[in-house]
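Chains as they are written, first to last, in our numbering: chain A, 151 to 506; chain B, 65 to 159.
Do not rely on the hints blindly, as some may be mistaken.
[Said to hold, decoys possible] Pairs of lysine-lysine, DSS-like flavour, derived with a Cα cap of 30 angstroms: (1) B/Lys-78 <-> B/Lys-144; (2) B/Lys-106 <-> A/Lys-209; (3) B/Lys-143 <-> A/Lys-209; (4) A/Lys-209 <-> B/Lys-110; (5) A/Lys-209 <-> B/Lys-89; (6) A/Lys-209 <-> A/Lys-240; (7) B/Lys-67 <-> B/Lys-95; (8) B/Lys-116 <-> B/Lys-106; (9) B/Lys-89 <-> B/Lys-67; (10) B/Lys-106 <-> A/Lys-194; (11) A/Lys-194 <-> B/Lys-133; (12) A/Lys-194 <-> B/Lys-116; (13) B/Lys-106 <-> B/Lys-143; (14) A/Lys-194 <-> B/Lys-72; (15) B/Lys-114 <-> A/Lys-194; (16) B/Lys-106 <-> B/Lys-133; (17) B/Lys-144 <-> B/Lys-110; (18) B/Lys-78 <-> A/Lys-194; (19) B/Lys-67 <-> A/Lys-194.
Hint data in this document are derived by calculation from the structure and do not stem from the laboratory.
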Amino acid sequence: MKMEEKPLSGPDNTRLEALIQDIYSELVEDACLGLCFEVHRAVKQGYFFLDETDQDSIKEFEIVDQPGVDIFGQVFNQWKNKECECPNCKRLIAASRFAPHLEKCLGMGRNSSRIANRRLASNNNISKSESDQEDNDDLNDNDWSYGAEKKAKKRKSDKNQNSPRRSKSLKHKNGELGTSISLDPYKYNYNAGISFESLGPNEVRSLLTTQCGVISEHTKKMCTRSHRCPQHTDDQRRAIRLRLLGPSVPTLPDADVEGDSFDVPDGQALLSCLQWEDSPDISPTDSASSKASTNHSDSRRPKKKKSALSMNSGGGGVNLTGVIGSSAQSNISLSTKKKKPKTAAPSVSSIYDELN
Amino acid sequence: MNKESRLKARVNQKLTETGERDRLKELLRAKLTECGWEDQMKAQCKEVIKEKGLEHVTVEDIVLEVTPKGRALVPDSVKKELLQRIRAFLTQHVS
């Protein structure tokens, strides 16, 4: 049924239109034919009538169009106001809150472990701060139980105890680490110290030049705060340095003049005091090389060495910042270089006398 | 007539070469499916099949019965759009 018989004499426009019509018809027939082939194939292959099921099924799955009900016929918030019994705690929980409650109740789930950890941390902090107030080492043995009890009863008083004012009054305690923690009860700060036993002497020295280093009675750890940390006094810092560095601090050089060797370390110590920040770099290498010599000097002149050390300590203690450590290190470095300028020595020793 | 047929042949060639014919076919098919023409046609086919019997229906049967209805069922909007496109193509490519 193609309309090819059009008058040739007609205007081009007509011919064009006719052409267009022809092309259109062709396209439509193409489409129809394609569809017929598809259908016929489906029929012959047997899948043409697959979407037609029996009448009962059709009725059953018909789309529901009633108000208050979805297309499957289900009511929307049918279970909203129902309550379920928790199998763990046997409480009646609202349905929408049931899943989060179970998570916490059973202790399984990301959030519940986080909360538990936080609670543990704050428990540790609070129990430690409370044992500080005891001022009695005997009770440290009962730390756990006693602290827990106290915490259970005195929840509100804990808050006030952690204020800065409170920590100052506890400052006189003997190197307690707990007070520093009590300032931050709800952070993970209970491990803010370093166990000094695991460190080598070089590391200890370098640590003591930069940190407070006072060892807590409870945790046996060194305070990692600065030299000006308010929890510990300079006496404590001095004592710690004596204790840790005392045996290996070589204040005196090996040979040389006896009298001068006494003063020389101090002079050098004073000079190094001015640049004490650089000493940590020098000390490890120097101390490693000079350890043998320092030990020698130890055996030869124990008395002078001790007094020198105490002088140094006294001077360092007054100066506050890591002078003690640095002076010890400068003494070590001294021992390797035996001859030193001794002109500044007398004046320096007088300064030290004043300080002491 | 010769001219006519030659012109027609030229036009067809142009359509195929540029790919416009295929594009038009796709466009038409899409539009017909969209407007529901295809579903109507399938219903027609079903009737023919039920009439002739599932086993013995042939392609010719379906074609003969269904094509004229198909041609008639094309919506006007689709027809107009297609004619428009063809016209545009012709004026563009054929003097």
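Evaluation of the provided hints:
Between B/Lys-78 and B/Lys-144 the alpha-carbon distance is near 22 angstroms, which keeps this suggested pair within the 30 angstroms criterion. Distance check on the hinted pair: B/Lys-106 and A/Lys-209 sit about 23 angstroms apart at the alpha-carbon level, within 30 angstroms; holds. Of the pairs offered as hints, the one joining B/Lys-143 and A/Lys-209 is violated, with about 38 angstroms between alpha carbons and a cut-off of 30 angstroms exceeded. A hinted pair counts as satisfied when its Cα atoms are at most 30 angstroms apart, and A/Lys-209 with B/Lys-110 qualifies at roughly 22 angstroms.
The hinted pair formed by A/Lys-209 and B/Lys-89 fails the criterion: a straight-line CA distance of about 39 angstroms is larger than 30 angstroms. Annotation: proposed proximity of A/Lys-209 to A/Lys-240 is violated, straight-line Cα distance about 44 angstroms (limit 30 angstroms). Between B/Lys-67 and B/Lys-95 the CA atoms are separated by roughly 34 angstroms; this puts the pair beyond 30 angstroms, and the hint is violated. The straight-line distance between the Cα atoms of B/Lys-116 and B/Lys-106 is roughly 15 angstroms, inside the 30 angstroms bound, and the hint therefore holds.
Taking the CA atoms of B/Lys-89 and B/Lys-67, the gap is near 26 angstroms; set against the 30 angstroms cutoff, the hint holds. Restraint check for B/Lys-106 and A/Lys-194: the C-alpha separation of about 15 angstroms stays at or below 30 angstroms, so the hint holds. Between A/Lys-194 and B/Lys-133 the alpha-carbon distance is near 23 angstroms, which keeps this suggested pair within the 30 angstroms criterion. Taken as a hint, the A/Lys-194 and B/Lys-116 pair is honoured in the structure, with Cα atoms around 13 angstroms apart against an allowance of 30 angstroms.
For the proposed pair B/Lys-106 and B/Lys-143, the alpha carbon gap of about 20 angstroms is at most 30 angstroms, so the pair holds. Only pairs whose Cα atoms come within 30 angstroms are accepted, and A/Lys-194 paired with B/Lys-72 is rejected, the gap being roughly 38 angstroms. Restraint check for B/Lys-114 and A/Lys-194: satisfied, since their Cα atoms lie roughly 13 angstroms apart, inside the 30 angstroms limit. With a C-alpha separation of about 11 angstroms, the suggested pair B/Lys-106 and B/Lys-133 falls inside the 30 angstroms cut-off, and the hint holds.
For the hint pairing B/Lys-144 with B/Lys-110, the CA-to-CA distance comes to about 29 angstroms; that is within 30 angstroms, so the pair holds. With a CA separation close to 37 angstroms, the supplied pair B/Lys-78 and A/Lys-194 exceeds the 30 angstroms bound. Straight-line distance between C-alpha atoms of B/Lys-67 and A/Lys-194 comes to about 45 angstroms, which puts the hinted pair past the 30 angstroms bound.
Violated hints, listed in ascending order, are 3, 5, 6, 7, 14, 18, 19; each of the other numbered hints is respected by the structure.
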